[in-house]
Amino acid sequence: MTSNWLKQLILFVVLVLLQVLVLNHILFLKFATPFLYIYFILKMPLGTNRNLLVFLGFILGLVIDIFCNTLGVNAAATTLTAFICYPIQRLFFDREDFENFVPSLNSLGASFIKYAIVCVFIHHAALISLSCFSYLNPVVILLRILSSTLFTAILIYAIEGFSVKRKKHE
Amino acid sequence: MRNLVAFLIKNSAWFVFVFLEIVCFYFIFNYNSFQRSIYLNSSNEIVGRVYAVSGEVLSYFGLKEANQDLLVKNAELQNRVLYLEDYIHKLSTDSLKTEAVLQDSLSTKHYDFIVGRVINNSIAQIENYITINKGSNNGLRTDMGIISQQGIVGIIRAVSENYSVVQPIINPKTALSCKVKGSNTPGTLTWDGQDYRYANLVGFPRFERFEKGDTIITSGYSGIFPEGIMVGIVEDSKGQSDDNFLTLKIRLSTDFSSLKDILIINNENRDELLKLEKEISENDK
Chain A
1 MTSNWLKQLI
11 LFVVLVLLQV
21 LVLNHILFLK
31 FATPFLYIYF
41 ILKMPLGTNR
51 NLLVFLGFIL
61 GLVIDIFCNT
71 LGVNAAATTL
81 TAFICYPIQR
91 LFFDREDFEN
101 FVPSLNSLGA
111 SFIKYAIVCV
121 FIHHAALISL
131 SCFSYLNPVV
141 ILLRILSSTL
151 FTAILIYAIE
161 GFSVKRKKHE
Chain B
1 MRNLVAFLIK
11 NSAWFVFVFL
21 EIVCFYFIFN
31 YNSFQRSIYL
41 NSSNEIVGRV
51 YAVSGEVLSY
61 FGLKEANQDL
71 LVKNAELQNR
81 VLYLEDYIHK
91 LSTDSLKTEA
101 VLQDSLSTKH
111 YDFIVGRVIN
121 NSIAQIENYI
131 TINKGSNNGL
141 RTDMGIISQQ
151 GIVGIIRAVS
161 ENYSVVQPII
171 NPKTALSCKV
181 KGSNTPGTLT
191 WDGQDYRYAN
201 LVGFPRFERF
211 EKGDTIITSG
221 YSGIFPEGIM
231 VGIVEDSKGQ
241 SDDNFLTLKI
251 RLSTDFSSLK
261 DILIINNENR
271 DELLKLEKEI
281 SENDK
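Taken in order, these protein sequences are the chains called A and B.
For the first sequence, UniProt numbering assigns the number 1 to the initial residue and increments by one for each residue that follows.
For the second sequence, UniProt numbering assigns the number 1 to the initial residue and increments by one for each residue that follows.
Bear in mind the hints are in silico, worked out from the structure with no lab data behind them.
Beta carbons are placed, not taken as given, at the ideal position from N, Cα and C, and that holds for glycine.
Where hints are given, some of them may not hold.
Label-pair restraints from in silico Cβ distances [unchecked claim]:
1) I84(A) <-> F207(B): 34 to 40 Å
2) F101(A) <-> I46(B): 50 to 56 Å
3) F101(A) <-> I114(B): 31 to 37 Å
4) V139(A) <-> A175(B): 46 to 52 Å
Residues from chain A shown here face chain B by an in silico Cβ test under 10 Å; the list is partial [as the list claims (entries may be wrong)]:
5) L21
6) T33
7) L36
8) F55
9) G61
10) N69
11) L71
12) A77
13) F92
14) F93
15) Y115
16) I117
17) V139
18) L142
19) L143
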C-alpha cells in the first residue's frame, strides 16, 4: 500500500516536471500541445476515495498553474476530470472487479484506451476552452482541442505500450 | 437528520467538487489581484529554482548564436561611437554647440540597465509569461521594461526576492504604445494569440503615411520604455471595422523562441512621472 502511494508521488513529480519543462513548450503544427500530466489521474488506483481523488486533481492542476502563471485554469479542468473519471470508468469496465487496482493497457486492453481518450478529451476541452475562449475563434479552439487530445493520447499509448513490453520481457 | 447526514456523506464528492471549482473560478476571474502575490506564480522560490536549473542547462545550447549576436551588436555600437565622436569633433569648432550636444546627451540618461537571463519562456500558450533570474534583491520592481539585443520583450508583472515574472508582448493582456519611426502618431501594439512572430498595431490613423518595411519603435509615453526601442517591421495592413483606422501587421524583431539574455530597464524618473500624472487625475475629480 505504502509503495503504491510512493509510486504515485514519484509519478506526480515526474509528470509535473515533464509538463512544465518540456511539453508546455511544444506547439505542434501551431495547434497541438500535449497535457500529459492528466495521466496521473488516469493511473489512480480504483479504490481511491472519490473526495481525495478530486482534491488531488485540484492540487495537481494548481501546481501546473503556478508554474505556468495561469492561476485556476488547469486546476478547474483537472478537478473536473478527477470528478467525472469514476462514471467514465463505470462506462467502460466493471469497477467492482478490480478493487485497489491501477488501470493499465496491459490489464484492460481496448477499454483502457477508450477510458483514457474520453478523460483526456474532457480535460483538454475544459482546459483549452477556458484558456482561449476570449481570444480565439471557436473553430481554432476546436482544432486545438482535437489535435491536443490526439497528441496526449498517443503519448499515453506509447508509455503504456512500453510497460506492456517490459512486462512480457520479464 | 440522520437521513440528511447520510445524504451529505453519500454525495460528499459533489460538494468537494463544486467547492473546488468555485475556488478555481475565483482564481481565474480575480487573476489580477493574485498576479502580484509571490506564492501563486512562477516567481516563487521553489518554481524559480526549478526553472533556474533547467535554464542553466538549456543556456549551454545556443551559446554560439548568442556570441554571434553580441559580436554583431558590438560592431554596431562601435560604429555608432565612431560616428558620434566624429560628430562631436566636427562641432568642436563651435564650442557653444558642443556644449548643447553634450548637455542633450546627458539629460536623456534617466534609464539604467540591469542584465538578466531568461530561465523559463513560453510561446506555445495563449497567455505567455517569461521567468527571469533577477528579483527584488537586484533592484527590480513591477512595471519595469524588459528588452533584448534584438528589441522589445515585455514588462515585469511579479517580483520575488530572486526571480521575476515578465508579461511579454506576446500575451493578449499586454498593450503597448508604439509608433512608426519618423512619425509621432502612436498606435497600440497588441497580440492576437496566433503566431509568436507577429503582433498587431491597432488604431493607426488611415491618413498617416507609412510603407511596408517601415520600422516600429516604442513611443516612450508610458515611461516604462525609453523612446525608440526597436519593436518590429510593418509587414501588412488592413482596415478596421470603423473605417478611420488601420491595423498594421508587425513582424516582431525579438525572436521569442530563442530568448536568452535580456536587459531590464530602470527608469529613474518614472516615480516622478507617475506622481505627476496621478496629481492631475486627482485634480480632475
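Consistency of the hints with the structure:
1. I84(A) <-> F207(B): 34 to 40 Å: violated, 56 Å
2. F101(A) <-> I46(B): 50 to 56 Å: violated, 33 Å
3. F101(A) <-> I114(B): 31 to 37 Å: Given a distance of about 55 Å, which is not inside 31 to 37 Å, the answer is violated.
4. V139(A) <-> A175(B): 46 to 52 Å: violated, 26 Å
5. L21: holds, 5 Å
6. T33: Holds: closest Cβ of chain B sits about 5 Å from T33(A), inside 10 Å.
7. L36: violated, 14 Å
8. F55: Because about 6 Å separates F55(A) from the closest Cβ in chain B, which is inside the 10 Å limit, the hint holds.
9. G61: Cβ of G61(A) sits 8 Å from chain B, so the hint holds.
10. N69: holds, 4 Å
11. L71: Status holds, d = 5 Å.
12. A77: holds, 9 Å
13. F92: It is violated, given that the least Cβ distance between F92(A) and chain B is near 20 Å, above 10 Å.
14. F93: Check failed: Cβ of F93(A) comes no nearer than 20 Å to chain B, outside 10 Å.
15. Y115: With a minimum Cβ separation of about 19 Å from chain B (threshold 10 Å), the hint on Y115(A) is violated.
16. I117: With a closest approach of 22 Å, the I117(A) hint is violated.
17. V139: V139(A) check fails; min Cβ-Cβ to chain B is 13 Å, beyond 10 Å.
18. L142: violated, 15 Å
19. L143: For L143(A), the interface hint is violated, since the closest Cβ of chain B sits about 12 Å away, which is over 10 Å.
The structure is inconsistent with the numbered hints 1, 2, 3, 4, 7, 13, 14, 15, 16, 17, 18, 19, although it conforms to all the rest.
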